[in-house]
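S.K.: Given chain A's structure and the hints, the job is docking chain B onto it.
For the record, the sequence lines run as chains A and B.
Per the working numbering, residue 450 is the first one in the first sequence, and the count goes up by one each step.
Per the working numbering, residue 450 is the first one in the second sequence, and the count goes up by one each step.
Read the hints as simulated data drawn from the structure, not as lab findings.
Ideal placement from N, C-alpha and C gives every residue a C-beta, glycine not left out.
You can trust all of the hints, since none of them are fake.
Calculated lysine-lysine pairs in the DSS-like style (CA-CA distance at most 25 Å, straight line):
id: 1; chain 1: B; residue 1: K543; chain 2: B; residue 2: K520
id: 2; chain 1: B; residue 1: K626; chain 2: A; residue 2: K511
id: 3; chain 1: A; residue 1: K626; chain 2: A; residue 2: K503
id: 4; chain 1: A; residue 1: K503; chain 2: B; residue 2: K503
Derived DEER-like restraints, expressed as beta-carbon distance ranges:
id: 5; chain 1: A; residue 1: E558; chain 2: B; residue 2: A623; range: 53 to 61 Å
id: 6; chain 1: B; residue 1: E542; chain 2: A; residue 2: E606; range: 50 to 58 Å
id: 7; chain 1: B; residue 1: K607; chain 2: A; residue 2: Q487; range: 52 to 60 Å
id: 8; chain 1: B; residue 1: P452; chain 2: A; residue 2: T582; range: 47 to 55 Å
id: 9; chain 1: B; residue 1: P560; chain 2: A; residue 2: M497; range: 42 to 50 Å
id: 10; chain 1: A; residue 1: L541; chain 2: B; residue 2: F537; range: 30 to 38 Å
id: 11; chain 1: A; residue 1: F537; chain 2: B; residue 2: K626; range: 20 to 28 Å
id: 12; chain 1: B; residue 1: E606; chain 2: A; residue 2: S538; range: 54 to 62 Å
id: 13; chain 1: A; residue 1: M497; chain 2: B; residue 2: A670; range: 39 to 47 Å
id: 14; chain 1: B; residue 1: S557; chain 2: A; residue 2: E622; range: 49 to 57 Å
id: 15; chain 1: B; residue 1: T456; chain 2: A; residue 2: P560; range: 48 to 56 Å
id: 16; chain 1: B; residue 1: E622; chain 2: A; residue 2: E579; range: 37 to 45 Å
id: 17; chain 1: B; residue 1: K618; chain 2: A; residue 2: E622; range: 43 to 51 Å
id: 18; chain 1: B; residue 1: P452; chain 2: A; residue 2: E558; range: 54 to 62 Å
Number of protein chains: 2
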Amino acid sequence: MGPAPRTLEFFYDVLSPYSWLGFEILCRYKNIWNIHLQLRPSLIAGIMKDSGNKPPAMLPRKAKYLTNDIKLLGQQIQVPINFPKDFFSVILEKGSLSAMRFLTAMKSEHPEMLEKASRELWMRVWSRDEDITEPQSILAAAEKAGMSTEQARRILEKTSTPQVKNQLKETTEAACKYGAFGLPVTVAHVDGQTHMLFGSDRMELLAHLLGEKWMGPVPPAVESRL
Amino acid sequence: MGPAPRTLEFFYDVLSPYSWLGFEILCRYKNIWNIHLQLRPSLIAGIMKDSGNKPPAMLPRKAKYLTNDIKLLGQQIQVPINFPKDFFSVILEKGSLSAMRFLTAMKSEHPEMLEKASRELWMRVWSRDEDITEPQSILAAAEKAGMSTEQARRILEKTSTPQVKNQLKETTEAACKYGAFGLPVTVAHVDGQTHMLFGSDRMELLAHLLGEKWMGPVPPAVESRL
Numbered sequence: 450m451g452p453a454p455r456t457l458e459f460f461y462d463v464l465s466p467y468s469w470l471g472f473e474i475l476c477r478y479k480n481i482w483n484i485h486l487q488l489r490p491s492l493i494a495g496i497m498k499d500s501g502n503k504p505p506a507m508l509p510r511k512a513k514y515l516t517n518d519i520k521l522l523g524q525q526i527q528v529p530i531n532f533p534k535d536f537f538s539v540i541l542e543k544g545s546l547s548a549m550r551f552l553t554a555m556k557s558e559h560p561e562m563l564e565k566a567s568r569e570l571w572m573r574v575w576s577r578d579e580d581i582t583e584p585q586s587i588l589a590a591a592e593k594a595g596m597s598t599e600q601a602r603r604i605l606e607k608t609s610t611p612q613v614k615n616q617l618k619e620t621t622e623a624a625c626k627y628g629a630f631g632l633p634v635t636v637a638h639v640d641g642q643t644h645m646l647f648g649s650d651r652m653e654l655l656a657h658l659l660g661e662k663w664m665g666p667v668p669p670a671v672e673s674r675l
Numbered sequence: 450m451g452p453a454p455r456t457l458e459f460f461y462d463v464l465s466p467y468s469w470l471g472f473e474i475l476c477r478y479k480n481i482w483n484i485h486l487q488l489r490p491s492l493i494a495g496i497m498k499d500s501g502n503k504p505p506a507m508l509p510r511k512a513k514y515l516t517n518d519i520k521l522l523g524q525q526i527q528v529p530i531n532f533p534k535d536f537f538s539v540i541l542e543k544g545s546l547s548a549m550r551f552l553t554a555m556k557s558e559h560p561e562m563l564e565k566a567s568r569e570l571w572m573r574v575w576s577r578d579e580d581i582t583e584p585q586s587i588l589a590a591a592e593k594a595g596m597s598t599e600q601a602r603r604i605l606e607k608t609s610t611p612q613v614k615n616q617l618k619e620t621t622e623a624a625c626k627y628g629a630f631g632l633p634v635t636v637a638h639v640d641g642q643t644h645m646l647f648g649s650d651r652m653e654l655l656a657h658l659l660g661e662k663w664m665g666p667v668p669p670a671v672e673s674r675l
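This is chain A alone, in the form it adopts within the complex:
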């Protein structure tokens, strides 16, 4: 028996494109590295408010850069990411509260479906420029992820319970306690130390901290499947 897997907590919101990139990289490595990956759906709006940070796209020159950065990273990392046409309305106004509550309920009811459902919500908002705020949008994503309509409806009902609302709040607060000022945040527990890494571009550093091998954002075992 080898050493016990190290726990990684991955805090994310489907509104955040860099969260998607980090998510796909970690999902690819979770069976390659000796890690236990905990997906933790959080609310980016709550983290921005609590930390006093502002979305980078508020600065015009950064907004222009991000558009191109995300396009190039999507090609490199092989994630079909596309900027929504009306970024400000989709990302800053409509938000992700219902979607993240849905994923929070999913995590407690059907944790084995969380990865797929998260990916399908990203596919809607960050690939096909589709809504993720209406109940039918969320149901459609859950069905694409492989749930029955009935299962999906039952989880959707849970999103208005105090338990689910509080759970999302608590997870968001946990990210803040680790020092988050945006998403994604990866918290690595290694040899009694806790490292908080921000962004999708610290995965090679994460490999270094874990003593694992970095084989790029598309490790060969995954490349053959894509």
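M.R.: Just chain B, lined up with the frame of chain A:
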């Protein structure tokens, strides 16, 4: 004869720790990849002002994160980087105008010494917590880089000429025209396309754009020498 090397412009300021990390990575790869690396000393204060951006350390939670991020990256990338004790005074108040004018003069008078002199200035401010604003500090860095006292003094005299002042301004403006809102900025000219990459954490993406192999921030050929 192989294909012509692709030109990379690297805009940096010795006040910027991520510039140092990016600089060392590119200096290591400049003889491994088929590239022509142009070092372009710039003024980060000018770029922040022109873009309306604020130093990330102004947000307390980011400042705390950066301290740790830079420490971990320094270990991974094998650059002896240390936070100055009084960050706000050293970085935000004292600045780098004289140092960057000196490197600008160095680039036109002794371009072959620019890499070493830049590194010695970083060693002062970002490793040993030493001054880089006084003439004797700049001269000490130049001598450590291998210049004679006389050579260094002659370059120091040039820093007050309109030519050098304008050159630093022009380089800073060139970075802004490429869309810079901070440093470092790497501008890659590949197959008739121009890509502006921000930060020290886009080097694997750069390799992807160049069609070159990424072997980590410390490629094996360099590791044996460190």
